[in-house]
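Residue numbers (the working numbering), protein chains in the order written: chain A, 1 to 224; chain B, 1001 to 1069.
Note that these hints are calculated values from the structure, not bench results. It is possible that some hints are incorrect.
To be verified - Here are the simulated lysine-lysine pairs, BS3-like style, with alpha carbons at most 25 Å apart:
#, chain 1, residue 1, chain 2, residue 2
1, A, 69, B, 1066
2, A, 4, B, 1055
3, B, 1066, B, 1054
4, A, 4, B, 1066
Here is what each chain is made of, one letter per residue.
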Amino acid sequence: MRDKIIYALVIASAALLFRDISHIANLPGERMQGDAFKIIFFHVPVAFTALAACGVSLIASILFLITRKFLFDAVAVSVIEVGLAFLAANLITGSIWGRVIWGIWWTWDARLTSALICWVLYASYLMLRRSIDDPTQRATFAAVFAIFCFIDVPIVIFSIKWWRTQHPQPVFWGEGSFPSDWAPFFWFNVLAMLLMGAALTLLRLRDEESQREIESLRRQAHAF
Amino acid sequence: MLAPLLAQVSPQDISLEIERIHRNWEFMWRGLIAAWVVLAVYVLLMVSRQRKLKKEIERLRVMIHKEAR
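Modelling step: build the complete structure from the supplied sequences, incorporating the hints.
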């Protein structure tokens, strides 16, 4: 059943992305930035997916601490790892856009720095998990740390409002603007990336289940 | 109406503008390809890890089966 859901999510996501990519390539260039502006069609949807993953990890971690069900721990670690991949894609695409528009690959501006800190925090979460052998202790410490990591997420989102940044203002909820006929492609790409994120999380969840099975088999092997 | 403006444009301006458009186009594709490469590398890593985990499960099952006998 899960395999069918994964295939359905991947097919839906790929269909949306392939449909959009031809439309996006044929859109006229933005007045000031030219075609480089079109990076936004991927840069922002992957950011949406990464931050949504952080939100899901927060909920799953809280639920683990309340219920002590390992399913929530597995969901948290899966979604965080997938979110990290999406956040890496966000940072890299942003850097490429910065190179052509600003003339620099990176600047220590509030948005970029907070996003990089977010990536480092969640990468530390994965490292923390590797350093603890006992499953219950690992899940508890990881859940508390995931809740702590989430503190950075609102800072990433609102940094461009709270501080004067080199990063552009938000196009949908700030001073920026976005052509209305371009918006459907953008939102379909957001949906496609969210579906892709969900599919990857389900795949990663399978790894986590295998890992738990290995731990259980190892305990059995030690018992002999 | 555009004629006076166009008269001020030198061939060098035109070549610079063509170069800028070409550069922007190239960087747009670099951005899109980078996003896909990151996600593709992650999927490959996940698939390879899944294979290793399956092998490990199989190895442990065989070991437990032998021990049980």
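Checked hints:
no. : hint            : verdict
1   : A:69 - B:1066   : violated, 33 Å
2   : A:4 - B:1055    : holds, 24 Å
3   : B:1066 - B:1054 : holds, 18 Å
4   : A:4 - B:1066    : violated, 35 Å
When the structure is compared with the earlier hints, violations turn up for hints 1 and 4 and for no others.
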